[in-house]
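> Position 116 of the sequence shown, counted from 1, bears residue number 116 in the numbering used here, the numbering being contiguous throughout.
There's no promise every hint is true.
Here are the computed distance ranges between Cβ atoms for each label pair [to be verified]:
id	residue 1	residue 2	range
1	E293	S59	14 to 24 Å
2	P102	P306	36 to 46 Å
3	Y16	K222	22 to 32 Å
4	P102	N329	33 to 43 Å
5	F130	N329	39 to 49 Å
6	K242	A72	17 to 27 Å
7	N287	G71	43 to 53 Å
Taking lysine-lysine and the BS3-like style, the derived pairs with C-alpha atoms no more than 25 Å apart in a straight line are [to be verified]:
id	residue 1	residue 2
8	K245	K222
9	K222	K202
10	K222	K242
11	K196	K222
12	K291	K242
13	K202	K242
14	K196	K125
15	K291	K267
16	K234	K245
17	K242	K276
18	K196	K209
19	K209	K234
20	K276	K291
21	K267	K245
22	K245	K196
23	K276	K222
24	K234	K291
25	K242	K267
26	K267	K234
27	K245	K276
28	K209	K245
29	K209	K267
30	K276	K234
Hint data in this document are derived by calculation from the structure and do not stem from the laboratory. Bear in mind the structure is a predicted one, so any value in this text is a computation, not a measurement. Glycine included, every Cβ here is placed at the ideal spot set by N, Cα and C.
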Amino acid sequence: MSSGAAQQQAAPPPPYRPYRQVRAATPHSRAVSCVRFSPCGRLLATASLDGTVALLSPSTLAVIATLRGHGAGVSDLSWSTESFYLCSASDDRTLRIWDIRPVLAGATPGGQPDPGTDRCVRVLKGHTNFVFSANFNPQTSSQVASGGSIAPCASGMSRAAAVPAPSTRTSIPSPRDGSIIVSGSHDGSCKIWDAKSGACIKTVIDDKKPAVSFSMFSPNGKFILVAMLDDSLKLCNFATGKFLKVYTGHVNRAYCIQSAFSVTNGKYIVSGSEDKCVYIWDLQGRNILQKLEGHTDTVVSVSCHPTENKIASGGLDNDRTVRLWVQDN
Numbered sequence: 001m002s003s004g005a006a007q008q009q010a011a012p013p014p015p016y017r018p019y020r021q022v023r024a025a026t027p028h029s030r031a032v033s034c035v036r037f038s039p040c041g042r043l044l045a046t047a048s049l050d051g052t053v054a055l056l057s058p059s060t061l062a063v064i065a066t067l068r069g070h071g072a073g074v075s076d077l078s079w080s081t082e083s084f085y086l087c088s089a090s091d092d093r094t095l096r097i098w099d100i101r102p103v104l105a106g107a108t109p110g111g112q113p114d115p116g117t118d119r120c121v122r123v124l125k126g127h128t129n130f131v132f133s134a135n136f137n138p139q140t141s142s143q144v145a146s147g148g149s150i151a152p153c154a155s156g157m158s159r160a161a162a163v164p165a166p167s168t169r170t171s172i173p174s175p176r177d178g179s180i181i182v183s184g185s186h187d188g189s190c191k192i193w194d195a196k197s198g199a200c201i202k203t204v205i206d207d208k209k210p211a212v213s214f215s216m217f218s219p220n221g222k223f224i225l226v227a228m229l230d231d232s233l234k235l236c237n238f239a240t241g242k243f244l245k246v247y248t249g250h251v252n253r254a255y256c257i258q259s260a261f262s263v264t265n266g267k268y269i270v271s272g273s274e275d276k277c278v279y280i281w282d283l284q285g286r287n288i289l290q291k292l293e294g295h296t297d298t299v300v301s302v303s304c305h306p307t308e309n310k311i312a313s314g315g316l317d318n319d320r321t322v323r324l325w326v327q328d329n
């Protein structure tokens, strides 16, 4: 092989270093439905069926603040790009926008816990049923996509139905430029929508069965990860619509389990599972690298720290814990 060809070869991935549990906390009285590291990495937000949102230290899992106001369980969370605002989606048919800037000001080691002052700055109404998902537009903190509509935060009124469909929407993430939205649905479809006009511009999946339980863009916006209620995760090329990889080994038949990309040390796919574990796959090889055990109920949400080799996970009612996993040095 010529030296030029050798130089063109991609560098080998770093050797895999196992994760281990370093913290466990119970910030909620009921199931943990969502965990989300802030983009700045200084906070971990968790949502629960008890109707509260907790802001935790990403290193100790100590509760820094508890956000109250929803009248029913909270299903999903989304951070604004600069980490100043947090959006929560609830079974009370509303979304709430919380101002996190005062909390960030005190979220330093040794800082005092937030006294619990109401940080809600907007209540977005318009849904006629449970709101399962929410996503800030990455380019602006003034627009949020939710389970069936796009709502401008400034007015608190829902706007054009961006994802019109008769069946439940399970997720609606968007890539970094915020121009499009990917939606997964219990009707078995995964579609791409224009965020401005609300028009469907591409159908990635339309198989009717199994249901799509979760979908998200990769960090570079080139791929879509789709979770199906048949114990599989599929990686799709956004440009061509072709499926490139299938990840299996976990259990997902009943719940909308949130997955994540980990890119801080290698490229991994991370997902919760109904067998009470967290699974980590090699993105390219599709093989299971590790199964994290410790939860005592279904793990419905995971989140990967933006800059550190950390994974957070949350368990349902028989567990109710948030757990923090880090890679060994």
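> Now look at each hint and say whether the structure bears it out.
Taking the hints in turn, this is what the structure says about them:
{"no.": "1", "hint": "E293 <-> S59: 14 to 24 Å", "verdict": "holds, 22 Å"}
{"no.": "2", "hint": "P102 <-> P306: 36 to 46 Å", "verdict": "violated, 22 Å"}
{"no.": "3", "hint": "Y16 <-> K222: 22 to 32 Å", "verdict": "holds, 23 Å"}
{"no.": "4", "hint": "P102 <-> N329: 33 to 43 Å", "verdict": "holds, 35 Å"}
{"no.": "5", "hint": "F130 <-> N329: 39 to 49 Å", "verdict": "holds, 43 Å"}
{"no.": "6", "hint": "K242 <-> A72: 17 to 27 Å", "verdict": "violated, 40 Å"}
{"no.": "7", "hint": "N287 <-> G71: 43 to 53 Å", "verdict": "holds, 44 Å"}
{"no.": "8", "hint": "K245 <-> K222", "verdict": "holds, 14 Å"}
{"no.": "9", "hint": "K222 <-> K202", "verdict": "holds, 14 Å"}
{"no.": "10", "hint": "K222 <-> K242", "verdict": "holds, 12 Å"}
{"no.": "11", "hint": "K196 <-> K222", "verdict": "holds, 20 Å"}
{"no.": "12", "hint": "K291 <-> K242", "verdict": "violated, 28 Å"}
{"no.": "13", "hint": "K202 <-> K242", "verdict": "holds, 12 Å"}
{"no.": "14", "hint": "K196 <-> K125", "verdict": "holds, 19 Å"}
{"no.": "15", "hint": "K291 <-> K267", "verdict": "holds, 16 Å"}
{"no.": "16", "hint": "K234 <-> K245", "verdict": "holds, 6 Å"}
{"no.": "17", "hint": "K242 <-> K276", "verdict": "violated, 31 Å"}
{"no.": "18", "hint": "K196 <-> K209", "verdict": "violated, 29 Å"}
{"no.": "19", "hint": "K209 <-> K234", "verdict": "holds, 14 Å"}
{"no.": "20", "hint": "K276 <-> K291", "verdict": "holds, 10 Å"}
{"no.": "21", "hint": "K267 <-> K245", "verdict": "holds, 14 Å"}
{"no.": "22", "hint": "K245 <-> K196", "verdict": "violated, 31 Å"}
{"no.": "23", "hint": "K276 <-> K222", "verdict": "violated, 31 Å"}
{"no.": "24", "hint": "K234 <-> K291", "verdict": "holds, 19 Å"}
{"no.": "25", "hint": "K242 <-> K267", "verdict": "holds, 20 Å"}
{"no.": "26", "hint": "K267 <-> K234", "verdict": "holds, 15 Å"}
{"no.": "27", "hint": "K245 <-> K276", "verdict": "holds, 24 Å"}
{"no.": "28", "hint": "K209 <-> K245", "verdict": "holds, 19 Å"}
{"no.": "29", "hint": "K209 <-> K267", "verdict": "violated, 29 Å"}
{"no.": "30", "hint": "K276 <-> K234", "verdict": "holds, 21 Å"}
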